[in-house]
Every structure is written in C-alpha cells, then in structure tokens.
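Engineer: With the hints as extra help, turn the sequences into a complete structure.
Protein chains in written order, with our numbering: chain A, 1 to 509; chain B, 1 to 412.
To be clear, the hints were calculated from the coordinates, so they are not data collected in a lab.
Here a beta-carbon is modelled for each residue, glycine too, at the ideal position from N, C-alpha and C.
Treat the hints with care, as some may be off.
[What the hints assert, rightly or not] DEER-style ranges, computed between Cβ atoms:
id, chain 1, residue 1, chain 2, residue 2, range
1, A, T144, B, G374, 56 to 62 Å
2, A, M47, B, K173, 34 to 40 Å
3, B, R123, A, F442, 48 to 54 Å
4, A, M47, B, Q373, 56 to 62 Å
[Claimed, not checked] According to the in silico footprint, chain A covers these stretches of chain B (three or more CB under 8 Å from chain A):
id, region
5, 62 to 69
6, 249 to 257
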Amino acid sequence: MTAVREALPAPVQGRERWLARRRWARAGWLYLFMLVMSVFFLGPFLMGVLSSVKENPNEYPPRLIVPQLTPAAIGRAYRLGVAGSGDGWQGGLVPGRRVTFEVTVATRAGQAARPPSAALFTYQPTSLVGNVKYAQASDYAQVTLGAPVRTPAGDRYRVTVTYPSLTRTSGKLVDAVLSAPDGADLRARLQDGRVVPVVLDTPEAQSHAFDLSEYQPVRLVQADDRYVLSGPLLERTPLQVDVQRGQSFASTTLPPSDIQNFSRSYAFRNITPGVLGYTFNNYRRAFRETNVVETGQSLFLRWTLNSFLIAALKVVSSVVLASLAGYALARLRFPGRSLIFLAVLFVQMVPTQVTLVSNYLVLKNLGLLNIWGLWVSGLVGAGGVFLMKQFFEGLPKELEEAASIDGASPFTTFWRVMLPQAGPALIALTITTFQGAWNDFFWPLVILRDQSSFTLTVGLSNFRELYGGQGDYALILAGAVLSAIPVIVVFVVFQRYFVSGGTDAAVKG
Amino acid sequence: MNPVTRLTLSLLALTLPTGALAQSVTVKINGYGGTDPAVVGDLINRFVKPALARDKINVVYEPIQGDYNKGLTTLLAAGNAGDVFYLPGETLDGFVATGKVLPLNGLVSSTPFIGSLNRTFTRKGKLYAVAKDFNTLSVVYNKDLFDEAGVAYPNAQDTWSTFAKKLTDVKSKLGSDYSGLCLPPSFDRFGAFAYAAGWTQFDAKGRTNLADPRFVSAFNYYTGLARNKVGVQPSELSKDWGGGCFQTGKVAVAIEGGWIVNFLKDNAPNLKYGTALLPRADATGKRGNFLYTVGWAINAGTRNRAAAVKVLNALTSAQAQEYVLSQGLAIPSRSALSSSAYFKRSDAGALNSKVIFDGSTDGNVRGFTFGPQGSDWSKPINDALAAVLSGQKSAADALRKAQSDMNAFQNR
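Structural biologist: If you want it as structure tokens, here you go:
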C-alpha cells in the first residue's frame with residue numbers, strides 16, 4: 001500500500017490525505033453529535049441512577065464519584081456487615097457480636113488531644129411512622145472507645161460496638177419474626193411457619209418485653225422445646241462521633257452520612273451496612289420501609305406485584321379478545337361489520353379524560369373501584385383490535401379456504417390455522433399492552449383507593465408525597481429506577497420481534 | 001322442625017325490617033395521604049376498633065392523595081365523601097358555606113378540648129369540628145452555631161430587637177457562609193409577626209388592611225432581617241422550606257412548628273437544636289402565633305350519624321391522644337394533656353412539643369385561616385414578601401401593590 005502511495009504523483013497524494021481528513025472529521029462530528037444527544041437523552045437517566053445510590057441525592061455540587069460505588073468503601077461495608085451479623089451482603093447487628101469502627105482525629109498543634117465522644121443514636125425514618133417500630137441499636141448495644149494509636153494523620157481510635165445476647169442459655173440459634181403477642185406473652189413465628197411462645201429468661205430480656213413490636217425479626221435460642229429470646233435482629237447501627245473544638249476528623253472507616261457543628265460532628269446512619277445496606281440502601285429501603293399495617297407486608301413489593309398482575313391480566317385479555325375481534329372484523333361477513341369497525345376506530349380517538357367521569361361512575365356503582373375494576377375497564381384496547389384486524393387482512397385467503405375444504409368451523413380455522421400465523425402481531429400487541437399497563441398512571445390514580453391496591457406508578461407518586469416532603473429523594477429515585485427495569489427488560493428482549501411484528505409482519509403476513 | 005314451621009320462620013325472616021338484620025355499619029373516613037394512613041390506621045386498630053367492637057361498626061380510612069381540599073370538595077359535591085373527614089382550619093369557611101358539614105352542638109362535647117381550638121372551628125355559635133391536634137410556631141435554633149459565635153441562645157424574654165441583635169451577632173461572628181434566620185416569603189410564617197404587632201386579618205367588614213401601621217411595622221421588621229444576609233430565603237440554599245434550610249447547619253434559626261422535629265431526626269440526626277417561644281413585638285410586648293389545626297368533622301349527608309359520632313369520639317379519646325403525643329406525632333387538643341409526662345421529658349423533641357403547646361395560649365394567637373375566599377387570599381402578601389426579600393422592590397412599593405391586589409381579590 002505504501003509503495004503504491006509513494007508511486008502516486010503529489011497532487012493525488014494530497015487529495016487523498018484531504019479525503020482521509022474529511023472522513024475523520026465526519027466521524028468526529030458524528031461522534032460529537034451522538035455524545036451531545038446522549039447527554040441530553042441519557043444524561044438525566046444516568047444521573048438519576050447515580051443519585052439513587054447516594055445518601056444525599058441533592059448534594060451540590062453533585063459528585064460523579066460517590067463512595068457508594070468505590071470498591072474500597074464497598075469492601076469496608078462488606079467487612080463491617082460480616083462483623084455485625086456474619087452476612088456481608090445484608091449487614092445488620094445480631095446478638096453476641098462486636099463491631100469495631102475506626103476514627104482518626106487530628107488535633108491542632110499546641111492543643112491537648114482529647115478523645116472524641118461516641119454514642120449510638122435512634123434512627124428510624126419517620127416517613128414510616130406507625131408502621132412497624134423496629135428495635136434500635138441504642139437500646140441494646142454499648143459503645144466503648146479504645147486507647148489512641150498515634151499515626152501521622154492523627155490519633156486513631158477504635159470505637160467498639162458490642163451487642164451482648166439477652167440470654168445465657170445455649171443451644172441452636174433460630175431466626176424468627178415476632179407475631180401478635182398473647183396478652184403480655186411474646187410469641188414468634190418460626191421460618192417453618194410455626195408460632196411458638198418466646199421465653200425471656202433474664203432480667204435484661206424481660207426489661208424489653210413491652211418495647212418489641214409485632215413483625216420485629218428476632219434471634220432465638222432453641223433449648224429443648226423452649227425458644228429463648230437472644231435479642232432482636234437490628235437492621236442498622238447508627239453511630240455519632242463528635243470531636244472537640246480545635247480538632248477535626250482525618251479519616252473514618254466509612255464516610256459520614258451527616259456532618260454538623262463545623263465538621264466536628266459526624267453521624268453514620270449505619271456502621272454495619274453490608275453491601276446491600278451501603279450501595280443499594282435506597283433500593284432496600286424502598287422494599288422494606290413502607291408496609292401494610294395489618295400484615296407487615298412490604299407495600300412496594302405489593303405495588304410491584306399489583307403492576308405485574310394487572311399487566312399480565314391485560315396482556316392475556318387483550319391478546320385473546322383483540323385477536324378474536326380482529327379476526328371477526330377482518331374475515332367474517334356479518335351485518336353491521338363496518339359500523340362496528342368504525343366504532344372501534346372512533347373509540348381509539350376519544351381521549352380517556354372525556355369518558356373519565358362516566359367510566360368512574362359505572363365502576364363505582366358496580367363496586368369495582370379496585371384492581372379488578374382497573375382490569376375490567378381495560379380488558380381490550382381499540383388499538384389492539386385494529387392491529388389484529390389489519391394483520392389478519394394481510395394473511396392469504398387460501399389458508400382459510402383450505403381449512404374450510406377440510407371441514408373446519410370458523411373457530412377451528414381461527415384457532416388452528418390463523419392464530420398460529422399471527423405470532424409477530426401478537427408479540428407486538430403483548431409488548432405494547434404490557435408497557436401501556438405498566439406505565440398507566442392517570443386511570444389507576446383515579447380509581448384505586450386503597451393503598452395496598454395501588455399499582456407501582458400510583459404508589460411511586462405516593463412515595464413522592466411521603467418522602468419528597470421529607471426531602472428524601474433518594475428513595476423516590478430508587479423506586480423510579482426499579483419501576484423502569486421491567487419495561488427496559490421487555491424492550492431489550494423483544495425488540496427484534498417488536499420491529500418485525502409491528503411493521504413487516506402486520507403488513508405482509 | 002317440620003316444613004311448615006320452617007317455611008313460616010323463613011318467611012318471617014324475609015319480612016323483618018332489614019335494619020335489624022344488617023347491623024354492621026361501615027364508617028368511612030377521609031383524610032390526608034402521606035404518613036396519615038399509617039397513623040390513623042394505627043389509631044383505628046388500637047383505639048377505635050376495641051371501643052366499637054360491640055356496636056359492629058367497621059371503620060375504613062380512605063386517604064385523599066394530592067391536594068386534600070380540592071379532593072374533598074369533589075367528593076362532597078359528588079355525595080361520595082366519607083362519613084367522617086378531616087376539616088383543615090384554614091379552609092373551614094369555604095366548606096361550612098356549602099352546608100355539607102354537620103354542626104356538632106349537642107352531639108359531641110367540646111369541653112375537654114382547648115378553647116382556642118374550639119373557637120377556630122366555631123362559626124356563628126355552631127361547632128363544626130373537633131380539633132384532631134394542633135401546631136404553633138416556635139423559634140428552633142442551632143446550638144452549635146450560637147456556641148461557636150459565643151452568643152446567648154434565643155429565649156422567651158426576647159423582643160424583636162434583642163432577637164435581631166442575636167441573629168446579627170451570630171452572622172457577623174460566623175461570616176459569609178452562615179446566616180441568622182431562614183425567611184420563607186410566605187404569610188404562614190410572617191403572619192405571626194403581624195399578629196404580634198396587633199394587626200388583625202379582617203376588619204368588621206371582612207376587609208384586609210395592609211396599610212395598617214401595625215402590619216407595616218411587622219413587614220419592615222421581617223423583610224429588614226434580609227439585609228446583610230442575616231436572613232436568607234430557603235431558595236437561596238436550594239431548599240423549599242425553613243426546615244430544609246435549617247437542616248443544612250448553615251442557618252442559626254428557623255421559625256417552624258413541631259413538624260420540624262421528625263424531619264430533623266431523619267435528615268440531620270446529629271444537629272443539636274433547642275426551641276424557644278417566638279420573640280415579643282417591641283411595641284406591644286406580646287407575641288403573635290398561628291394555630292394550625294385540622295379537625296374531625298362529620299358529613300351532614302351521612303346515613304350513619306350515630307356511628308360516625310361514636311367513631312369521632314373514639315378518635316379523639318384521651319387514650320388515643322395520649323398515644324399520639326407519646327409517639328411524638330402531634331400535639332393533642334385535650335387541655336388535660338398539658339400535664340402529660342411527655343412534656344416533662346428533656347429530649348429536644350419533647351422540649352419542642354412543650355414550647356409548641358405553650359405557644360397556643362401566649363399572646364395574640366389566631367387560627368390559621370384564609371377567610372371565606374380561600375387560600376388565594378395570602379397571595380398578594382406572599383408576592384410582596386418575595387419581592388422585598390429578593391431586593392426587587394422597596395417595602396413601600398410592594399405593600400402598595402399588595403393592597404391593590406388584595407382589594408381586587410376581595411371585590412371579586
């Protein structure tokens with residue numbers, strides 16, 4: 001190649017270089033354009049995802065490197081989780097464990113180096129007031145401060161949090177969840193579903209008899225047939241460390257969640273987070289923090305399941321009814337056919353808001369202001385019928401004629417011959433219906449009254465009220481990211497079919 | 001039993017009045033969304049259900065998400081509202097005017113409840129709701145900032161001038177990163193100062209006078225604090241209310257109600273704060289304050305009046321209110337609870353509750369209300385505050401404009 005180029009006369013070589021430069025320039029412009037577009041379209045989404053792992057998503061100026069995503073901090077969160085509960089993923093603090101957390105304090109020259117003060121504090125987000133009041137580390141664990149170790153950065157102190165077991169009985173350790181007490185006697189539901197009485201065999205344990213609520217996870221010691229309380233399983237270990245005037249924090253095992261008093265007061269909302277409690281804390285909170293008062297079940301999980309349920313129901317009913325209706329409109333000859341088709345087209349053009357009041361009243365009088373009403377009112381969309389009709393019209397008539405020669409009834413023809421051909425159209429219908437049902441907000445908001453029957457979109461707007469008012473946007477972001485995932489998955493998995501089904505297949509057959 | 005007897009008995013059963021058979025009654029309650037469903041659900045489970053188990057009364061809470069007043073208006077108009085519902089003090093007049101709220105005289109005893117709260121819900125001698133709980137404003141201060149600046153904490157003896165002096169001192173000691181006070185440009189905080197000066201919201205003819213010297217003095221005091229950045233608007237710190245502004249740890253004082261306690265517990269657990277009563281106006285020697293309250297009201301169109309009254313009584317019972325107070329959720333409306341052990345506790349939250357409780361009777365305390373024309377009433381005042389606090393207008397110009405807007409609004 002080089003030899004050929006060298007053989008070329010100079011003007012030709014210059015022109016080729018110019019062309020090459022043009023090619024590079026074009027590629028450059030294209031990349032730049034795509035970069036700008038990505039920033040515009042993907043930027044907010046990426047920032048949202050990034051902020052959803054931060055402890056304070058409103059931080060200003062925003063950081064792109066957050067401790068929640070740095071391997072070193074994640075590693076420490078894992079180790080602290082292991083120390084607190086033996087589980088580096090979920091974290092927490094369980095009876096009989098000891099956790100050490102390191103704090104290095106720098107002191108101004110010429111000033112006496114005094115030890116910091118460390119204490120556990122009560123931390124339970126109030127947005128979940130009145131749901132379940134979980135036990136707090138400050139009521140069960142003690143903090144001690146070790147002797148300082150001199151380091152170039154300052155004095156390093158070990159803050160040790162110890163959670164002694166409430167019983168001295170030994171035996172097999174069993175985890176359970178407290179159920180409704182029988183009078184003053186505690187009872188717990190074991191993992192196998194059995195409800196057993198809980199024995200409080202020490203004065204320490206008895207002193208906590210009345211402050212443990214129903215749904216509190218606990219650790220029990222099984223000795224013979226008795227289940228003795230070892231202590232509640234604590235989800236978080238919130239620690240506060242304060243240094244004196246003239247001192248400052250040089251480093252801490254985990255970065256602080258809240259800084260006050262001219263950076264002399266650090267609060268760590270959880271020093272035993274584990275990876276899920278650290279990096280994915282907001283996601284975990286979304287599932288754990290709001291629950292149905294009567295059952296203790298996670299509201300967010302319930303909303304997600306409701307959304308899946310309604311989306312699945314709608315997909316099934318849409319696919320069945322739209323294909324039947326589409327086939328009938330496309331192929332069967334009956335009086336009023338075009339009138340019905342016109343009606344279908346017309347329905348498609350009327351905005352939901354117009355029929356809102358009448359639909360609402362009908363559902364109200366039928367006693368269907370719930371998730372079933374949501375399904376009944378959206379059994380099949382006019383768009384789906386239209387899509388299927390167009391598709392069936394595109395299929396060759398000969399198929400049906402062959403079937404009818406073989407003596408098939410119209411339904412058998414539809415079911416055995418035509419429907420198996422309709423795969424691509426059905427997939428397109430499935431995806432659009434799923435996405436529509438999943439993202440539907442306005443209509444569910446209007447008809448769903450009971451908090452536990454909300455779909456995810458309505459629930460998220462509820463979250464916004466609950467937590468947005470509290471300035472807790474991280475949870476809303478986490479919820480939003482979670483709710484986007486199923487739709488993204490459906491699109492990524494089915495996009496090939498979606499394109500071919502929506503265009504070629506529906507037209508060509 | 002022979003067939004004839006059986007037939008006779010079943011026929012008899014069919015002809016009995018349905019009321020005797022269908023004894024179970026469902027009472028529907030409408031209230032706020034947010035955290036209220038959890039709180040009210042808890043109250044229903046703990047106090048209402050046990051109290052009404054014998055009467056076969058079933059209670060359901062249906063929250064109205066979003067704008068409560070709008071939602072309730074729609075439900076009342078459609079005849080679909082709950083038998084019992086929250087009636088916010090600030091929009092009381094509008095709802096009473098519709099005739100859809102049942103006067104409670106003779107149905108419920110209002111004697112155990114704080115007098116000023118009953119007055120808030122009384123129009124022309126008729127009581128329309130029983131206060132669920134209440135809140136007033138207080139001075140919440142960041143102890144660390146005052147300590148660092150070496151300035152005494154705000155206290156109950158402060159007047160407008162000593163209070164301003166303390167804030168100015170804090171600001172001048174701590175420098176440009178810090179401020180003295182969060183100043184939201186809105187009537188729902190500023191109004192307390194106007195009341196302290198002796199201003200009244202409506203005159204005998206129902207008109208609002210913003211040229212009243214008492215109003216002007218409070219306006220000048222409030223907006224004057226913005227000079228030299230002693231007072232900052234929450235928006236200057238990218239926050240939308242005084243609590244958010246205070247949470248940053250950069251501002252020494254916020255004027256907020258008891259709701260700030262739980263907010264700080266969640267969002268700034270290590271911020272050390274104290275609470276004091278609002279300062280007194282120099283001229284009158286009195287404090288002003290708002291009484292924010294939401295009441296329990298009964299739908300005039302309810303079919304289950306007797307059951308609704310029973311539910312209302314159970315929801316406001318002494319035990320229910322004691323529970324709400326002990327959980328730090330709200331300040332109860334029964335006067336007897338002023339001696340509750342909770343108010344004697346020494347934690348920052350309980351101390352705040354005590355000050356909030358005391359604020360309800362100290363000085364010129366007025367119910368938080370916008371009058372019969374609704375919440376748009378406060379808009380001219382809010383606009384004037386925003387214009388002056390952000391330096392766009394002089395106080396005199398802003399007040400002139402506000403008065404003319406107010407006249408136009410009231411002439412509607």
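Engineer: Run the structure past the numbered hints and jot down the numbers of the failing ones, going up.
Structural biologist: 3, 4 and 6
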